[in-house]
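S.K.: These are the residues of each chain, in order.
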Amino acid sequence: MSEEQDIKKIMHVMRRAPHGSIYTYEGLEMILIMAAYEQDLSVAFIGDGVYALKKDQDTAGIGIKGFSKTFMALDGYDVEKLYVDKQSLEERGLTEDDLVVDVEVMDASEIGRLMNEQDVVIHH
Amino acid sequence: MSEEQDIKKIMHVMRRAPHGSIYTYEGLEMILIMAAYEQDLSVAFIGDGVYALKKDQDTAGIGIKGFSKTFMALDGYDVEKLYVDKQSLEERGLTEDDLVVDVEVMDASEIGRLMNEQDVVIHH
Amino acid sequence: MNIGILLKEGPYNHQAADTAFKFAEAAIAKGHKVDAIFLYNDGVINATRLGDPPQDDRNIAARWTELSLKHGVEVLACIAASKRRGINDEVMIEGGEITGLGTLTDIAIRNDRLLTFGD
Amino acid sequence: MNIGILLKEGPYNHQAADTAFKFAEAAIAKGHKVDAIFLYNDGVINATRLGDPPQDDRNIAARWTELSLKHGVEVLACIAASKRRGINDEVMIEGGEITGLGTLTDIAIRNDRLLTFGD
Amino acid sequence: MLHTINKSPFENNTFTTCVRFLQPGDPVLFIEDGVYAVQAGNRFGALIASVLKKNNPVYALKPDLDARGISAIAEGVKTVDYAGFVDLVEEHQINSWL
Amino acid sequence: MLHTINKSPFENNTFTTCVRFLQPGDPVLFIEDGVYAVQAGNRFGALIASVLKKNNPVYALKPDLDARGISAIAEGVKTVDYAGFVDLVEEHQINSWL
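Residue numbers (the numbering used here), protein chains in the order written: chain A, 1 to 124; chain B, 1 to 124; chain C, 1 to 119; chain D, 1 to 119; chain E, 1 to 98; chain F, 1 to 98.
If you're looking for bench data, these hints aren't it; they were derived computationally from the structure.
Okay, the calculated bits of chain C under chain A, using three or more residues with CB under 8 Å as the criterion: (1) 97-103; (2) 107-118.
Okay, derived cross-link-like pairs now, DSBU-like style, lysine-lysine, Cα gap no bigger than 35 Å in a straight line: (3) B:Lys65 x E:Lys62; (4) A:Lys9 x A:Lys86; (5) C:Lys70 x C:Lys83; (6) D:Lys83 x B:Lys54; (7) D:Lys33 x F:Lys62; (8) C:Lys33 x A:Lys8; (9) F:Lys54 x B:Lys9; (10) A:Lys9 x E:Lys54; (11) F:Lys54 x D:Lys33; (12) C:Lys33 x D:Lys83; (13) B:Lys65 x C:Lys83; (14) C:Lys30 x E:Lys62; (15) D:Lys30 x F:Lys62; (16) A:Lys55 x A:Lys8; (17) F:Lys53 x B:Lys9; (18) E:Lys53 x A:Lys8; (19) B:Lys65 x B:Lys9; (20) A:Lys9 x C:Lys33; (21) B:Lys86 x F:Lys54; (22) E:Lys78 x B:Lys69; (23) B:Lys8 x D:Lys33; (24) B:Lys9 x B:Lys86; (25) E:Lys78 x C:Lys33; (26) D:Lys30 x A:Lys54; (27) E:Lys78 x C:Lys30; (28) A:Lys81 x C:Lys33; (29) F:Lys78 x A:Lys54; (30) B:Lys8 x B:Lys55; (31) B:Lys81 x B:Lys55; (32) E:Lys54 x A:Lys8.
Derived list of chain A stretches under chain C, where covered just means 3 residues or more per stretch with a C-beta under 8 Å from a C-beta of chain C: (33) 15-28; (34) 31-38.
From the three backbone atoms N, C-alpha and C, an ideal C-beta is built for every residue, glycine too.
Isolated chain A, as found in the complex (with noise of 0.2 Å):
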């Protein structure tokens, strides 16, 4: 009883491109590393946030390690709940099949409401 009132409800929120800072992959070290302490996890992508899923990136030409593919290791960490905000996905032109992983495409009300749910929200 004690045990599951200590499980907190954490959302990390993806809000920027990869690549350009260094934002959304020091992000997921922190998911990465949150995942190994057994509480609720999910993470939003919002935004820009949504391009961090994008297939094909090549980032041998900037010289950066690319990261793209570290989310869909998130599954064997039990990291499941990943939401990505559907306008944000319209807007840029992308679908479900542009990402490298399987999310729920939801509305901002349906996330925001997730969101307020949370204990803790970090926002990437």
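Got chain A sorted already, so can you dock chains B, C, D, E and F onto it with the hints?
M.R.: Only chains B, C, D, E and F this time, still in chain A's reference frame:
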């Protein structure tokens, strides 16, 4: 003659609001040093950059040293070409009377033409 | 109320470090416990003791040391983020410490609130 | 063509340092002279030799040292910006140097181009 | 849940994005460069009014308003100091939009 | 004068601001996160087309496009590598919008 050829046209473009980041303040420090080198300096205020000139800034509460009054010192350094983008000012509900220094309020196309004549343009 | 703070930008370049400090100060003044300030991304640059700001400016590193020594706030810099940016024990401020992201997770779990300040 | 570069963000946190390096490398390969890289704002953090990035990542500090030693590019950190952020001679990379904004002015005057990279 | 916004809405979309996710009744607090959103008479007045109308209280951090020389603010927006910010955090979980 | 833009137009106004100051004939080069502006089929297509129509050549840095998985780009936009970026800087004075 050859001395005159050495004079470079250098434009500093202020684009950020003050205090939220240091760019405008460190940009101003750069302008004050460059002013001693007798180049053809100008400063353009575009977008949130116009906020740097807003009167009545009182930074005591945020614990950061204010610097809006330093713009008044530019005149003493012979930096007299201060251009403000008309649309940026109007969009923010400001008029020339709201600014700490005398500036030339200009259309974007006019500032763009002046930009185009520069040897060096530095955005802050 | 027990409070953790995540600070994601370095000192002076963004207001984040200032707002985080002002918030922590106000929370302590109201009798709340500020448990820890965790430095991440460029935030780790807050942890260098080599900073030497102008005399008439605030000294942000000294603020963190004060929070640590006077109010028991843990000031913690993420090791991975620190390594990228040249922050290590050699340059660490008094009262500051290098640690891992697991510690941030503990901070998120054990406090009533986790606030983020950044760009 | 003689080129000066103004770099306004620190390593890793923004792509600016990477783009500046890639540009400098390409310019040198084409036979242009990259005269100097001037570090300003958080850009001065590029000048610390204490960085220790993961083995499988690029080492940005080493890139600046290479440009300096191998290609004669001056790597210069603004003293006022450096002091705010804890960069000094103690931690300076090989081939790097602390200097003033007057030097940037000289760079702007003596080169055909001054490029800015930042956030 | 308290939403904080620290970016100027003129240069960056954080405010407009946040509004899409806002649940009825949740307060919004503008801090740092975010406070430019609440300056009276600017073009974000309609968005501020629509947020207030959905029963979302809107606050702005007074020290940040003062630092930017903003004295006239949009109708219905309340100001708080750092102590008031702490009180809001005590009443609500927090969501800091960066 | 060559104008470079390094911000995503979806989150930040740099591109739309730059366009207001652009003189006819001046080239625009998108780099870093700026390259999202030229992805085919997004809502900035009309603005890109209007820039091209005013005889402003539009370029995007290919390594940055590749890094972001963008293969289809708006009609009329040319790509360059870092060497091509250097060539553009040789031909023009530069104005780096940050």
